[in-house]
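**Q** Residue-level listing of the chains:
2 protein chains.
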Amino acid sequence: MNITSYIQANEQRFLDELFSLIRIPSISAEPAHHADCLRCAERWRELLLEAGADRAEVMPSQGNPLVYAEKLVDASAPTVLVYGHYDVMPVAPLDKWTTPPFEPCVRDARIYARGADDDKGQSFIQLKAFEYLVRHGQLRHNVKFILEGEEEIGSPSLNAFLMQHRELLRCDVILVSDTSMLASDLPSLTTGLRGLAYWEIEVTGPNRDLHSGHFGGAVANPINVLCEMLAKVVDGEGRITIPHFYDDVEELTPDERAMIAAIPFDEARYRQAIGVDELRGETGYSTIERNACRPSFDICGIWGGHTGEGSKTVLPSKAYAKVSCRLVPHQQHEVISRLFADYIRSIAPRCVKVEVRPMHGGEGYVCPIDLPAYRAAEAGFTEAFGKRPLAVRRGGSIPIISDFERVLGVKTILMGFGLESNAIHSPNENFPLDLLRKGIQAVVGFHLHLQ
Amino acid sequence: MNITSYIQANEQRFLDELFSLIRIPSISAEPAHHADCLRCAERWRELLLEAGADRAEVMPSQGNPLVYAEKLVDASAPTVLVYGHYDVMPVAPLDKWTTPPFEPCVRDARIYARGADDDKGQSFIQLKAFEYLVRHGQLRHNVKFILEGEEEIGSPSLNAFLMQHRELLRCDVILVSDTSMLASDLPSLTTGLRGLAYWEIEVTGPNRDLHSGHFGGAVANPINVLCEMLAKVVDGEGRITIPHFYDDVEELTPDERAMIAAIPFDEARYRQAIGVDELRGETGYSTIERNACRPSFDICGIWGGHTGEGSKTVLPSKAYAKVSCRLVPHQQHEVISRLFADYIRSIAPRCVKVEVRPMHGGEGYVCPIDLPAYRAAEAGFTEAFGKRPLAVRRGGSIPIISDFERVLGVKTILMGFGLESNAIHSPNENFPLDLLRKGIQAVVGFHLHLQ
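So the sequences go chain by chain: S and D.
In terms of this note's numbering, the first sequence is residues 1 to 451.
In terms of this note's numbering, the second sequence is residues 1001 to 1451.
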């Protein structure tokens, strides 16, 4: 049976299996969901065995366990290590979801649920392609799976796990479905990712909340100070002001800029899709350059003082922010992490106490497009989508991709099938059924062409 | 029986009565406590009748009702209108309270509870001074009471109530206990207050929370923009940058500055009490000038994006702040409210949508120190505290004081007995028993000297 007929014949079972994963609210950022993470890992183990793995285990780590599985068919053949993650992002604001995030629902030929795309849906594509090859006797090389449960909180335990199990995880190439394409009719393969550094800042003013009438004007307000400091991090040209921040940033070459300029991009449609009248970013760069090849600084969260109803006139004791920088290849997140903390401390006035706590980080990544595995992925995409995929660098971060290269010494192929409209990390995350089908077909193609 | 013996003989009853008021969580800012506000008004009505009022009523307004009471002894004698408020501030953060906010507890000769000072404790002083004078046949002039239930949310219904009941509330002077003294051994009368203007700002970026990797650097982050805008409101010299903001501010005269400089002030002790290493404010002014006679800008609350556990990499759709300016006499809050909104709109970049919603406001106030009623208050204080009180301008706002002057045409005497250490608007609000006693004595003295 060819792959398209196989998908058609098994579609209802595929959905039932995928939904059984989605229904488990495996939110790694929320300790209350720890048991759900364990349940989700166990469910993956079962599905991997059913799909054809010879061995599948839930393996402990310093944090959430990882799921490992393998099917070793030929010691002289290459080994592909498939990586995915079974944890998902938090779901707030819950009132923005049309249907509950953990009750998958198919509407307009899309699966709506947290994890429908990132990364349960996409990892499931890998699982079903593997199943097809095993059941049809077409798997000629070795396949290993590793699914982690802490990707959305920065994979804090993965590095140690890789070091400890370097032998077990030995492979020739890593295959990951956790990225997105330019559009459903513009298939693309991700050849670069941005790095990430993330911090929490705590500003302490007075030792208690004060009456803003009795003290306002004479005592520094920690929220005012926090805003002042954060406003200084980016200048009027959209450049980050942290000293030495750009030292390791490699400027785009004219060739690279020409390739980026050739990517179809409709700014009006882009603006309309996210509902903004104007874009904003670093002077001298295009939108795609800004969100994929240039560093950025975002305040991901801020809070302090009276945030409830009414108008409390308070000069608060504390103010907090969660902030992050997206980094580009060659910027080292640990270096940037220090530079940022030093900078904030250097601009912090003595009238407050400031603490900068690094949360997590990772380096960026670039994949050469002449790699045989990249060519196999390209061929798989071409068969499934009917056109050759573009090679593009993307703005997101999968910090562990650079860890794989450093620890395991291999490159990663990013065969992602997401779309911007899939709203990952947002309310109403979704995944089109059509991409689930084409994704499975493309991954089958990858394996067949790799041989 | 003289007043000190009377207080001693009745102290337990006084505390029981005051605690019956405090136990009612009459938080005007929180709709869930609406019924408590009604209960608290009713309790005041009972206590006013028991203390000796001939008439006491709970009267409707557009918002929470007001309590009115009177004892009219001589149509040819002057009339004193006592104003207070029965509503209290919210209590968050609840975990910072040593004992629950609405279970009054006496420790170290202080009453700990929300409202122990502001304004249940202080209004109670007025009630008990009145009771003493009535019961001992020493009330020679007329006394009216008005207690409102919306002071902590800016008295939105009071103005209309004053207009509607101008005849009923007719008086020669208004007496208010809702301010504080310099220190327990530095009795003082408040002769000036700052005004207030308060706004909520809502900044909208994209129409949903976005993945900061896919969009960061190309799409404006509403939290970044909010911080940038708020950081511009005050310059490096601590001056507010809103155009025309200082137009109506009267500069302090050399005489006024000399009087302020004569007020004992220990900066090290002040800093230590609030736990800061350094003070900060407008260049060229002393701390007391800054927090009492100069305008200020405080961010009272801020929120947006991911504020929970962990590190969500989000470029949020919304950011909010609650901000306020303290104003000085002659600045009109409605003018300032417009200037601020215009200014924020003028600096808002087109990449976001910004809404500025005025919440409430009020003018500042100055009381002449040669007023006979001021002299009577001074005499009452001198008898109770053993030294003549200083005349000082304070930084807080009681916006309705200027409304009284405008609508009823009379001045207000601010006989307040609070202390900074009473922590009003903060966790562990408290009121020293000693000041409760001296306060009653001082108010009795006021009435006797006014005759």
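Be a bit skeptical, because a hint or two may be false.
What the hints assert, rightly or not - In silico BS3-like cross-links for lysine-lysine, where the CA-CA straight-line distance does not exceed 25 Å:
| id | chain 1 | residue 1 | chain 2 | residue 2 |
| --- | --- | --- | --- | --- |
| 1 | D | Lys1096 | S | Lys318 |
| 2 | D | Lys1096 | S | Lys96 |
| 3 | S | Lys318 | D | Lys1411 |
| 4 | S | Lys232 | D | Lys1387 |
| 5 | S | Lys232 | S | Lys96 |
| 6 | S | Lys96 | D | Lys1232 |
| 7 | D | Lys1318 | S | Lys232 |
| 8 | S | Lys318 | S | Lys353 |
| 9 | D | Lys1232 | S | Lys353 |
No lab work stands behind these hints, which were simulated from the structure alone.
**Q** All the hints need checking, so say for each whether the structure fits it.
**A** Cross-check of the supplied hints:
1. Our distance criterion of 25 Å between C-alpha atoms is met by D/Lys1096 and S/Lys318, whose separation comes to about 13 Å.
2. Distance check on the hinted pair: D/Lys1096 and S/Lys96 sit about 33 Å apart at the alpha-carbon level, beyond 25 Å; violated.
3. With a C-alpha separation of about 38 Å, the suggested pair S/Lys318 and D/Lys1411 falls outside the 25 Å cut-off, and the hint is violated.
4. The suggested pairing of S/Lys232 with D/Lys1387 is violated, with an alpha-carbon distance near 51 Å, which exceeds 25 Å.
5. A C-alpha spacing of about 33 Å is found between S/Lys232 and S/Lys96, which places the hinted pair above 25 Å, so the restraint is violated.
6. Of the pairs offered as hints, the one joining S/Lys96 and D/Lys1232 is violated, with about 33 Å between alpha carbons and a cut-off of 25 Å exceeded.
7. A hinted pair counts as satisfied when its Cα atoms are at most 25 Å apart, and D/Lys1318 with S/Lys232 qualifies at roughly 21 Å.
8. For the hint linking S/Lys318 to S/Lys353, the alpha-carbon distance of about 10 Å falls within 25 Å, and the restraint holds.
9. Restraint check for D/Lys1232 and S/Lys353: the C-alpha separation of about 22 Å stays at or below 25 Å, so the hint holds.
In summary, the structure is inconsistent with hints 2, 3, 4, 5, 6 from the numbered list given earlier, while agreeing with the others.
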